[in-house]
Amino acid sequence: MRLKGINSLEQNVEKIVVGIASVAMLAVLTFQFVGQSNSIKLGTGKDQKTVPVDQAFEVVANKAKEVSGKINAAEPAPIIPSEEKGADVLKDFRAKQRGPVSPRPQLATALDKPRLIGGGAEPGTDKPGQAATYAAVQVPAASRPVAAAYAATIHPAEIQAAPELKALLPAPPLPPDKPSVSVESSFDGKALAAALAADPDGAGPKAPLPRHWWDGVEVQIVGVELDRQEQLPDGSWGPAGVVKHMPGRIDLKSEIEK
71 MRLKGINSLE QNVEKIVVGI ASVAMLAVLT FQFVGQSNSI KLGTGKDQKT
121 VPVDQAFEVV ANKAKEVSGK INAAEPAPII PSEEKGADVL KDFRAKQRGP
171 VSPRPQLATA LDKPRLIGGG AEPGTDKPGQ AATYAAVQVP AASRPVAAAY
221 AATIHPAEIQ AAPELKALLP APPLPPDKPS VSVESSFDGK ALAAALAADP
271 DGAGPKAPLP RHWWDGVEVQ IVGVELDRQE QLPDGSWGPA GVVKHMPGRI
321 DLKSEIEK
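Under my numbering, the first residue of the sequence shown is numbered 71, with each subsequent residue one higher.
Just so you know, the hints here were simulated from the structure itself, not pulled from any lab data.
Among the clues, some could well be false.
[Claimed, not checked] Heads up, simulated DSS-like pairs for lysine-lysine below, C-alpha to C-alpha not over 25 angstroms straight-line:
no.	residue 1	residue 2
1	Lys116	Lys140
2	Lys135	Lys111
3	Lys323	Lys236
4	Lys276	Lys260
5	Lys111	Lys133
6	Lys140	Lys119
7	Lys314	Lys248
8	Lys116	Lys135
9	Lys328	Lys314
10	Lys236	Lys248
11	Lys135	Lys119
12	Lys116	Lys133
13	Lys260	Lys323
14	Lys248	Lys260
15	Lys236	Lys314
Throw the hints in and build the complete structure from the sequences for me.
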């Protein structure tokens with residue numbers, strides 16, 4: 071009986087295993103440099119894209135700069151409505167609008183022009199409504215004024231802000247002191263409300279201001295005009311003159327008159 075010999079496969083099995091392992095390792099290394107690297111998805115919807123991990127920060131930074139530029143732009147790009155982005159609000163408003171936005175030919179604030187009372191026509195008829203104008207507001211008589219004289223030093227910053235003050239102050243080196251008079255008066259607010267609510271001429275062409283313009287809301291005084299008279303040596307009073315507005319203060323009365 072003879073011993074069984076070792077065939078060639080058994081003799082070279084270790085070399086075959088080492089060769090297969092070497093090929094596998096070489097394939098892994100090749101895939102790392104030649105194949106597709108690790109990637110990440112950025113964005114949503116149509117703007118979504120896949121980028122390598124090492125480029126993700128750069129893509130996000132560029133998008134942030136783009137958004138920051140749109141926010142800080144002096145004139146932002148106009149948003150053009152489309153079917154994809156949403157409905158056209160202006161188009162829908164005009165489509166659903168019934169008649170003109172303002173059926174009257176004049177705005178309610180056109181106080182100096184006639185307007186139609188009753189919505190433009192008498193109820194139940196086609197007869198045009200009565201043309202009327204709003205009556206001017208008559209403020210009740212003010213109480214007897216109380217005056218107090220005092221002197222004050224004008225701060226240099228006030229003179230810089232309102233250069234017209236310089237003409238009213240003593241010339242240097244004298245201090246910028248100025249005597250002045252403070253006047254106080256008042257009127258009856260309830261009497262004003264009654265005057266606003268009353269029809270100024272009954273069935274005449276004038277109408278009171280609409281109540282919702284002044285009832286329940288704050289009414290503010292936007293200007294006060296003072297008349298000044300000088301007492302002459304013989305005890306009589308000279309002609310009245312309007313006291314000029316204080317320099318450096320807001321003059322709403324003049325702005326409204328313009």
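Hints versus structure:
1. Lys116 to Lys140: Holds - the C-alpha atoms of lysine 140 and lysine 116 are around 20 angstroms apart, at most 25 angstroms.
2. Lys135 to Lys111: 19 angstroms, holds
3. Lys323 to Lys236: 24 angstroms, holds
4. Lys276 to Lys260: 22 angstroms, holds
5. Lys111 to Lys133: The given pair, whose Cα atoms are some 14 angstroms apart, holds under the 25 angstroms limit.
6. Lys140 to Lys119: Holds - the C-alpha atoms of lysine 119 and lysine 140 are around 22 angstroms apart, at most 25 angstroms.
7. Lys314 to Lys248: 16 angstroms, holds
8. Lys116 to Lys135: The given pair, whose Cα atoms are some 20 angstroms apart, holds under the 25 angstroms limit.
9. Lys328 to Lys314: 17 angstroms, holds
10. Lys236 to Lys248: 11 angstroms, holds
11. Lys135 to Lys119: The given pair, whose Cα atoms are some 18 angstroms apart, holds under the 25 angstroms limit.
12. Lys116 to Lys133: Given that 25 angstroms is the threshold and the Cα spacing comes to 15 angstroms, the pair holds.
13. Lys260 to Lys323: With a Cα-Cα distance of about 24 angstroms, the restraint between lysine 260 and lysine 323 holds, given a limit of 25 angstroms.
14. Lys248 to Lys260: Measuring from Cα to Cα gives roughly 38 angstroms; hence the hint is violated.
15. Lys236 to Lys314: Measuring from Cα to Cα gives roughly 15 angstroms; hence the hint holds.
Hint 14 from the earlier list is the only one contradicted by this structure; the remaining hints agree with it.
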